[in-house]
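Protein sequence lines, in the order shown, are assigned to chains A and B.
So the first sequence is numbered by numbering that gives the first Met the number 0: it starts at 0 and just counts up by one.
So the second sequence is numbered by numbering that gives the first Met the number 0: it starts at 0 and just counts up by one.
Warning: the hint list may mix true and false statements.
What the hints assert, rightly or not - Here are the simulated lysine-lysine pairs, DSSO-like style, with alpha carbons at most 30 Å apart: (1) B:K561 with A:K445; (2) B:K239 with B:K213; (3) A:K345 with B:K468; (4) B:K522 with B:K184; (5) B:K146 with B:K522; (6) B:K184 with B:K130; (7) A:K535 with A:K557; (8) A:K345 with B:K469; (9) A:K534 with A:K354; (10) B:K468 with B:K522; (11) B:K561 with B:K589; (12) A:K436 with B:K377; (13) B:K213 with A:K436; (14) B:K210 with B:K130; (15) A:K152 with A:K187.
No wet-lab data here; the hints were simulated from the structure.
Computed from a predicted structure; not experimentally measured.
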Amino acid sequence: MTILRFYQRPSSLSIAFSSRHERSFSGSSELVTLTTRRNQCWRFSPLKSSNGSPLAGASWKDDGKEMPVPKVPDIGSQLAENTVSITVVGASGDLAKKKIFPALFALYYEGYLPQHFTVFGYARSKLTDEELRHTISTTLTCRVDKRENCSDKMEQFLRRCFYHSGQYGSEVDFCELDNKLKEKEDGKLANRLFYLSIPPNIFVDVVRGASRSASSPNGWTRFIVEKPFGRDSESSSELTRCLKMYLIEEQIFRIDHYLGKELVENLSVLRFANLVFEPLWSRNYIRNVQLIFSEDFGTEGRGGYFDHYGIIRDIMQNHLLQILALFAMETPVSLDGEDIRNEKVKVLRSMRVLKLDDVVVGQYKGHTKGGKSFPAYTDDPTVPKGSLTPTFAAASLFIDNARWDGVPFLMKAGKALHRRGAEIRVQFRHVPGNLYKRKFGTDLDKATNELVIRVQPNEAIYLKINNKVPGLSMRLDSSNLNLLYSERYPREIPDAYERLLLDAIEGERRLFIRSDELDAAWAIFSPLLRELEEKKVVPELYPYGSRGPVGAHYLAAKYNVRWGDLSDSS
Amino acid sequence: MAVSFPKCPSSPLPPLQTRNRAWLSPLSAPLQVGDSSKWALLEATKRCHLCVSATNGGSAVAPVEPSKKVQDSGPKTTPTDHSTKVENGIRPTVLSSNEFQDLKTGPDNSGRESTVSITVVGASGDLAKKKIFPALFALYYEGFLPKHFTIFGYARSKMTDSELREMVSRTLNCRIDQRENCDAKMEEFLKRCFYHSGQYDSEAHFVELDKKLKQHEGSRISNRLYYLSIPPNIFLDVVKCTSLAASSENGWTRVIVEKPFGRDAESSAALTRGLKQYLHEDQIFRIDHYLGKELVENLSVLRFSNLVFEPLWSRQYIRNVQIIFSEDFGTEGRGGYFDSYGIIRDIMQNHLLQIVALFAMETRTSLEAEDIRNEKVKVLRSMKTLEIDDVVIGQYKSHTRGGVVYPGYTDDKTVPNDSLTPTFAAAALFINNARWDGVPFLMKAGKALHTKRAEIRVQFRHVPGNLYKKCFGTDLDRATNELVIRVQPDEAIYLKINNKIPGLGMRLDRSNLNLHYAARYSKEIPCAYERLLLDAIEGERRLFIRSDELDAAWALFTPLLKDLEEKRIAPELYPYGSRGPVGAHYLAAKYNVRWGDLGAEH
Chain A
0 MTILRFYQRP
10 SSLSIAFSSR
20 HERSFSGSSE
30 LVTLTTRRNQ
40 CWRFSPLKSS
50 NGSPLAGASW
60 KDDGKEMPVP
70 KVPDIGSQLA
80 ENTVSITVVG
90 ASGDLAKKKI
100 FPALFALYYE
110 GYLPQHFTVF
120 GYARSKLTDE
130 ELRHTISTTL
140 TCRVDKRENC
150 SDKMEQFLRR
160 CFYHSGQYGS
170 EVDFCELDNK
180 LKEKEDGKLA
190 NRLFYLSIPP
200 NIFVDVVRGA
210 SRSASSPNGW
220 TRFIVEKPFG
230 RDSESSSELT
240 RCLKMYLIEE
250 QIFRIDHYLG
260 KELVENLSVL
270 RFANLVFEPL
280 WSRNYIRNVQ
290 LIFSEDFGTE
300 GRGGYFDHYG
310 IIRDIMQNHL
320 LQILALFAME
330 TPVSLDGEDI
340 RNEKVKVLRS
350 MRVLKLDDVV
360 VGQYKGHTKG
370 GKSFPAYTDD
380 PTVPKGSLTP
390 TFAAASLFID
400 NARWDGVPFL
410 MKAGKALHRR
420 GAEIRVQFRH
430 VPGNLYKRKF
440 GTDLDKATNE
450 LVIRVQPNEA
460 IYLKINNKVP
470 GLSMRLDSSN
480 LNLLYSERYP
490 REIPDAYERL
500 LLDAIEGERR
510 LFIRSDELDA
520 AWAIFSPLLR
530 ELEEKKVVPE
540 LYPYGSRGPV
550 GAHYLAAKYN
560 VRWGDLSDSS
Chain B
0 MAVSFPKCPS
10 SPLPPLQTRN
20 RAWLSPLSAP
30 LQVGDSSKWA
40 LLEATKRCHL
50 CVSATNGGSA
60 VAPVEPSKKV
70 QDSGPKTTPT
80 DHSTKVENGI
90 RPTVLSSNEF
100 QDLKTGPDNS
110 GRESTVSITV
120 VGASGDLAKK
130 KIFPALFALY
140 YEGFLPKHFT
150 IFGYARSKMT
160 DSELREMVSR
170 TLNCRIDQRE
180 NCDAKMEEFL
190 KRCFYHSGQY
200 DSEAHFVELD
210 KKLKQHEGSR
220 ISNRLYYLSI
230 PPNIFLDVVK
240 CTSLAASSEN
250 GWTRVIVEKP
260 FGRDAESSAA
270 LTRGLKQYLH
280 EDQIFRIDHY
290 LGKELVENLS
300 VLRFSNLVFE
310 PLWSRQYIRN
320 VQIIFSEDFG
330 TEGRGGYFDS
340 YGIIRDIMQN
350 HLLQIVALFA
360 METRTSLEAE
370 DIRNEKVKVL
380 RSMKTLEIDD
390 VVIGQYKSHT
400 RGGVVYPGYT
410 DDKTVPNDSL
420 TPTFAAAALF
430 INNARWDGVP
440 FLMKAGKALH
450 TKRAEIRVQF
460 RHVPGNLYKK
470 CFGTDLDRAT
480 NELVIRVQPD
490 EAIYLKINNK
500 IPGLGMRLDR
510 SNLNLHYAAR
520 YSKEIPCAYE
530 RLLLDAIEGE
540 RRLFIRSDEL
550 DAAWALFTPL
560 LKDLEEKRIA
570 PELYPYGSRG
580 PVGAHYLAAK
590 YNVRWGDLGA
600 EH
């Protein structure tokens, strides 16, 4: 068991905060808060260090001094210069090429990376540094709004990228990597971040190899892992247990890239920095909440991985559930990562375990539209013919706490639907004793207020309100109070991976998933998943490109809800 | 009690019903007993409240057979019995008695058609030319006027019908979005316009008018609407003559009057008393054209048909409310009238105060006019009487900008050189009731300011225990939510919210959840006068000011106005085209408020 002790750093040192936050806030008062906030994270681990580094050295996991601090030179000079080495394990994979390296470059371009950093690719294929640079360079782009010096910057960035070829299970190969890293780090205070962009079955091998042989001797060592985190409660806790043989909780950064999305981040701001929303945020005013995810394409020949997991594990149990937790949590004590995660765990643990009755599963079938035919899920050559894996699911969840008792939280996720999007819809109750009720027809619930937070595409927030149609009559209309991000903020919104990588470098854990969160999330879904598989529940088929199986409507109707995304007005 | 009610005539609907009022719809369906008992009650309360002098009007309250009821409401009154004339109909739910009559303006059971004659008294005046005739034409163009109607201009000048038509035609225009047949429609409209020349205080002249009206009305049931577009000193003369000599004999007679309704509590009460010698309360339609503005009308809808606003609508969440009116021009040579009233009487005591009352009133029992007016009176009567400490007054002085010289108020030839009349005023008002105790309602009105604008700003309190407070700097009140209802120009509703600036880091920003009317509704928004004229024709009193409302409004302002005049308080001067006297900021600061319209973001 990990025993942690909180340790108060001398306050003079704690001013040495990341330049990111100095950019982010203006004025000294903010800096002081951050100091306080960060102080909570200065942790000391009395454990016999798992990564073999000296006790005192290994313990400074989370201080903010990983960045050079040009603005406070007198303090910076007291410390050895920092460097961060980012090793992308599985560098030849798709995710690495499409997301991780471009995100790293974007951070570099925007000046968010420390002055000295090294990027390493690690994979089994034999590649030279040059070859890696070449592969990466094809996917790097500069932000649309700031193209200046783009190729110069790219050049500089690529010069800091290196490749090391090795087996994932070989400690010897990681030793070699360690040597190379040391060479680049050149005596500076070394912080190391490993990004595991590899299949889950080799997570533990790599963690073992890297933590034993390539941990930083004097700075922090952190590991970013991506889903899947197991297939159910058991396999997930097994994975956690194995990771914890080599790592302590603070070193594990479980990414859920949905939490890095701009509007998901904004959700807390919206709730807690506006007076007008919080009073409404409960069963008194909210009738239901809908979390909707849809993709307009299928597995398209890459269904191998998906078929093993299915849409519930792939989207619901992590992305949508995380959004739900953020949406529904009580006010955290502070914005500190641990405080937020504590509140999220509480919500997850208050949730009712999902039952088969509260779920509808679907799978897309082939469809011909306008002379073009779209394949069924089972037409995908990488998918077994008799596969029952759901490509669509709708579920109703309930949080049995004082705030949310009885409010249905409906989730819906699907592939090969008629459009692509992710949104949160909050439907409010109808106005009690509505004076204007004669104007609304028989169903008062059709004219309620609705808050929509559109996560993607076209980020937006809008509130549907009832107002009078201008003119001499007294006709009412539902119109929107709108905030369309692209209009208000013409700058490109950063990719979720940029935010998450930066947070991992800075030790900001707010957006990463803690082990107990993960356990609580699996606990809600595991019984259902097992039942689906044991009973071989056949998914309802729906045509490729359609609005999904109609069963979703009946599920909603059962709880007196109407899907907001499929009504005429949306 | 089970009451049965008159069914709507099943014959083709009269033109009036084309107005798409949702509350008309119940009429076409069989009425429900549950509903009906409610209206009878309403009817009864209303009568009580108005202290109707007529005794036979009461018969309408009692349950009667439908057929009998309709007959009762038919022509049967004597000229002196005004109350019966206007009150003898019974109406379904939210319809006023007169509306019910209107609804049977189609052939009634005696087979008679009804007609409405609109007489604009003071037809040669500016308001008549610029607003009233164009509004009447717009109503006609849109099909809101009854099939048969007559328009008379009445004034002292000698004019022929065709001269009036010529004069009127110059100001008519068609809505931008529907120009078809505009000329043809205009022609037809003008054919129904006539002129009668007469003295305002001559009964004989009004008898002549009456004859002419009768001629046009033929054998139809005649309803008559008088629009008094004349100076207040002759209100009573005209009212006397019209009611004695030119009232409708078998339909209703209504009189629209515009401000000023007196200069203070006493003169207003005297005017009301004078009017009531000849008219019953239900015949008086006091116009406040601000109440006809689209967004002011929408205020109630916003509050009462959205769940998300009403919970916030109290001292618990609202820090202050600001009602702001500004004009970007001065009196421009027409200061004669203004100088004897001043901005407080001209704008605040009526327009802005009416908006406050609508904003702050409790939920009313129904959409019925009397229920709204009852609630408004309650708010006005709960308000703290204004004191001189709670007011800042100003007067514009001349200003030269870019080589152009803008005149001072006292440079206006129609204004005395030593005039102390305020052209700007700011005031802090308080409503001492459970909902609003301690919440400052700030009003500001001025001429010759830097913008033209009318808006309502609702500033919310700061978030208690705000997690993000470090992101806001030292003054949490500067980052609160704010709901803005912009009445004019560019009608809009927006809610300022705090959100995160997209990007890495955690910087907060105030952005707007917007509803911009021009973007959402391409149709032209009708002019306030159209709405109000139509309402007067239909007998919908929701937007007109009842006597007791007027009394309550004057009671708030009269002591202050007297004080200002007696003490000869000199207004703070401000340059033409500026943001007004800085005193307004100090007044706001006294109540810990910051004017929302003068922040850095504007």
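Right, here's what the structure says about each hint:
| no. | hint | verdict |
| --- | --- | --- |
| 1 | B:K561 with A:K445 | violated, 53 Å |
| 2 | B:K239 with B:K213 | holds, 19 Å |
| 3 | A:K345 with B:K468 | holds, 24 Å |
| 4 | B:K522 with B:K184 | holds, 20 Å |
| 5 | B:K146 with B:K522 | holds, 25 Å |
| 6 | B:K184 with B:K130 | holds, 18 Å |
| 7 | A:K535 with A:K557 | holds, 23 Å |
| 8 | A:K345 with B:K469 | holds, 26 Å |
| 9 | A:K534 with A:K354 | holds, 13 Å |
| 10 | B:K468 with B:K522 | violated, 43 Å |
| 11 | B:K561 with B:K589 | holds, 23 Å |
| 12 | A:K436 with B:K377 | holds, 24 Å |
| 13 | B:K213 with A:K436 | violated, 43 Å |
| 14 | B:K210 with B:K130 | holds, 27 Å |
| 15 | A:K152 with A:K187 | holds, 24 Å |
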